[in-house]
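Those protein sequences? They're chains A and B, same order as listed. Heads up: the first sequence at position 407 corresponds to 409 in the numbering used here, and the numbers run straight through without jumps. Heads up: the second sequence at position 103 corresponds to 149 in the numbering used here, and the numbers run straight through without jumps.
Read the hints as simulated data drawn from the structure, not as lab findings. Computed from a predicted model, the values in this text were never measured in an experiment. Cβ coordinates follow ideal geometry from the N, Cα and C atoms, glycine included. Please note: incorrect hints may appear among the correct ones.
Derived DSS-like pairs (lysine-lysine); straight-line CA-CA distance at most 27 Å [as the list claims (entries may be wrong)]:
{"id": "1", "chain 1": "B", "residue 1": "Lys65", "chain 2": "A", "residue 2": "Lys406"}
{"id": "2", "chain 1": "A", "residue 1": "Lys26", "chain 2": "B", "residue 2": "Lys176"}
{"id": "3", "chain 1": "A", "residue 1": "Lys408", "chain 2": "B", "residue 2": "Lys65"}
Covered stretches of chain A, as calculated for chain B (at least 3 residues, CB under 8 Å) [claimed, not checked]:
{"id": "4", "stretch": "150-162"}
{"id": "5", "stretch": "350-357"}
{"id": "6", "stretch": "364-374"}
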Amino acid sequence: MTTTRDIRSDFPILSRRVGPGAGKPLVYLDNAATTQKPRHVIETVDRFYQHENANIHRGVHYLSMHATDAYDRARERIAEAIGANHPAEVIFVRGTTEAINLVASSFAGDRFEAGDEIVLTTMEHHANIVPWQLLAKRKGLVLKWTPVTDSGEIDLDAFRAQFSARTKLATFTQVSNALGTINPVKEMIAIAREFGAHVLVDGAQGVAHGTVNLAELGADFYAFSGHKVVGPDGIGVLWGRRELLDSMPPYQGGGDMIERVSIEKTTFRHSPERFEAGTPNISGAIGLGAAFDYLAKVGWDTIEANERDLLDYATARLGEVEGIRILGPQDTRGKVAVISFTMDSAHPHDIGTILDTEGVAIRAGHHCAQPLMDRFQVAGTARASFAFYNNRDDVDRLMDGILKVKKYFG
Amino acid sequence: MDDDDLSDLYQEIILSHNKRPHNEGELDPRSGEAEGYNPLCGDRIRVYVHKTDSGLLDAVTFTGEGCAISRAAASIMTDSVKNLDPAGVEAKIAEALEMLTSKEEPEIDLTVIGDLAALVGVRHFPARIKCATLAWHTLESALKGEGIVSTEEG
Chain A
3 MTTTRDIRSD FPILSRRVGP GAGKPLVYLD NAATTQKPRH VIETVDRFYQ HENANIHRGV
63 HYLSMHATDA YDRARERIAE AIGANHPAEV IFVRGTTEAI NLVASSFAGD RFEAGDEIVL
123 TTMEHHANIV PWQLLAKRKG LVLKWTPVTD SGEIDLDAFR AQFSARTKLA TFTQVSNALG
183 TINPVKEMIA IAREFGAHVL VDGAQGVAHG TVNLAELGAD FYAFSGHKVV GPDGIGVLWG
243 RRELLDSMPP YQGGGDMIER VSIEKTTFRH SPERFEAGTP NISGAIGLGA AFDYLAKVGW
303 DTIEANERDL LDYATARLGE VEGIRILGPQ DTRGKVAVIS FTMDSAHPHD IGTILDTEGV
363 AIRAGHHCAQ PLMDRFQVAG TARASFAFYN NRDDVDRLMD GILKVKKYFG
Chain B
47 MDDDDLSDLY QEIILSHNKR PHNEGELDPR SGEAEGYNPL CGDRIRVYVH KTDSGLLDAV
107 TFTGEGCAIS RAAASIMTDS VKNLDPAGVE AKIAEALEML TSKEEPEIDL TVIGDLAALV
167 GVRHFPARIK CATLAWHTLE SALKGEGIVS TEEG
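Whole structure, please, built from the sequences with the hints as guidance.
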């Protein structure tokens with residue numbers, strides 16, 4: 003079994019110090035914003051540019067064929083890792099945000115009509131809110147918002163109550179970025195199906211914390227970003243059911259997505275090329291393939307066990323501190339290793355600044371989930387989010403920082 | 047950012063203004079008001095002003111949620127511009143913004159600028175400077191009757 007010590011040595015950045023002077027050893031607890039990168043990913047991207055760089059799907063020369071092959075293999079690798087039925091179901095995009103916008107534009111924008119309804123939840127990230135608001139305004143669609151319970155969860159009856167014969171799509175997150183709540187995605191998909199609605203799952207947070215089997219999940223679309231699963235930024239995936247993708251018009255027009263262009267008419271290729279106009283992020287895709295290789299090597303059992311240990315330990319330690327309130331599910335089994343908290347005496351930004359002077363990086367603010375913050379009547383929270391390469395020392399350093407906050411603010 | 051910098055940032059004057067802000071609450075009657083918003087962090091304050099017939103700023107108050115720095119800055123702002131004439135207010139706003147944002151380390155005469163000097167500690171925390179300037183920009187808008195000001199515009 004891989005120990006956390008071995009794992010930590012795979013991530014060069016974890017050994018650096020932060021801040022002026024000698025600085026403090028970095029305690030990185032902002033993993034829900036972005037994860038750090040293992041040497042395997044960094045070296046794969048580096049090797050591509052040093053030795054393998056060429057444009058894909060065009061050249062007859064050695065390097066181009068090699069790069070095309072590496073790009074295609076990355077797609078196959080990722081398709082396998084997320085349980086897709088076919089590599090053609092994996093579309094490379096810039097990230098979750100672009101994936102959702104693609105569905106809003108090419109799927110919903112193409113076939114929904116005025117009065118059609120979309121079901122969402124109030125725990126969505128802005129990336130799964132704003133594209134739908136823009137589309138609703140343009141096409142006269144109705145957005146239905148599933149409320150969140152006091153413990154930051156989705157009540158299935160409340161979710162069901164949002165549906166009607168006009169519901170065309172349900173779009174919701176697998177895991178709340180702000181609270182860590184794991185949603186009952188399978189049950190939610192089943193409810194949407196009863197009403198004949200399509201389903202988009204925002205997997206930005208979910209994909210990093212456990213194995214995903216999309217063939218089993220039963221959704222129509224699944225979106226995630228590479229940078230949150232130890233991969234590069236600027237690359238992400240929209241997974242979609244193949245027959246659905248092939249029935250959708252292109253998202254952007256350009257090179258690589260066409261079958262034949264004439265002055266009068268252009269015909270398009272099938273998925274995934276149809277949705278990948280222009281030269282894609284080749285090194286990013288290859289790097290993301292390497293990220294899934296690395297995660298498989300560490301093992302999802304190890305990843306989940308480490309994160310669960312950290313979540314339980316950190317929840318208990320923070321619970322010792324008077325004046326700390328943890329938002330979201332109180333039972334840690336209902337959430338991933340994200341702890342969103344407030345302190346009676348100190349505002350999240352002041353907490354963040356003081357922790358930063360201890361080398362502890364957390365996120366403070368609304369986490370791009372303002373409707374959820376409104377729901378809990380807070381302007382923001384302090385959020386410590388863990389990855390499998392964190393350890394209990396990191397939690398202890400977080401606690402030292404919290405005590406320092408208490409020293410200033412009481 | 048070391049512990050000395052942190053102690054400068056969260057010095058007693060700031061913590062005390064945060065805990066017991068001066069001039070907090072709505073103002074009625076008022077001659078102007080504006081909302082200041084930092085979309086990056088969600089901090090939101092409203093500043094209310096009242097001017098006499100001769101243009102003297104005889105009352106300034108604020109309401110809103112925010113971090114210790116933004117609340118202390120708002121409290122200190124209200125204290126330092128109250129009862130000034132228009133030219134005096136303008137000069138004070140310029141002085142405060144200069145102190146908080148100038149590239150050069152400002153020279154501060156503590157006997158003259160009082161609690162305002164306590165805000166200078168944010169200079170070592172670039173991510174927090176906007177917390178300290180928000181109240182001042184909002185005051186400017188309230189006086190001009192502009193309504194809403196955001197830290198991410200202009």
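Do the hints match the structure? See the list:
The straight-line distance between the Cα atoms of Lys65(B) and Lys406(A) is roughly 18 Å, inside the 27 Å bound, and the hint therefore holds. Of the supplied pair hints, the one linking Lys26(A) and Lys176(B) holds, its CA atoms being roughly 26 Å apart against a limit of 27 Å. As the CA atoms of Lys408(A) and Lys65(B) are separated by approximately 14 Å, the hinted pair is consistent with the 27 Å bound. Coverage of a stretch by a chain is defined here by at least three residues with a beta carbon nearer than 8 Å to that chain's beta carbons; for the stretch 150-162 of chain A and chain B the count is 0, and the condition is violated.
Given a C-beta distance limit of less than 8 Å, the hint that chain B covers the stretch 350-357 of chain A holds, as 5 residues qualify and 3 suffice. Only residues whose C-beta sits within less than 8 Å of a C-beta in chain B count toward coverage, and the stretch 364-374 of chain A has 4 of them, enough to reach three; the restraint holds.
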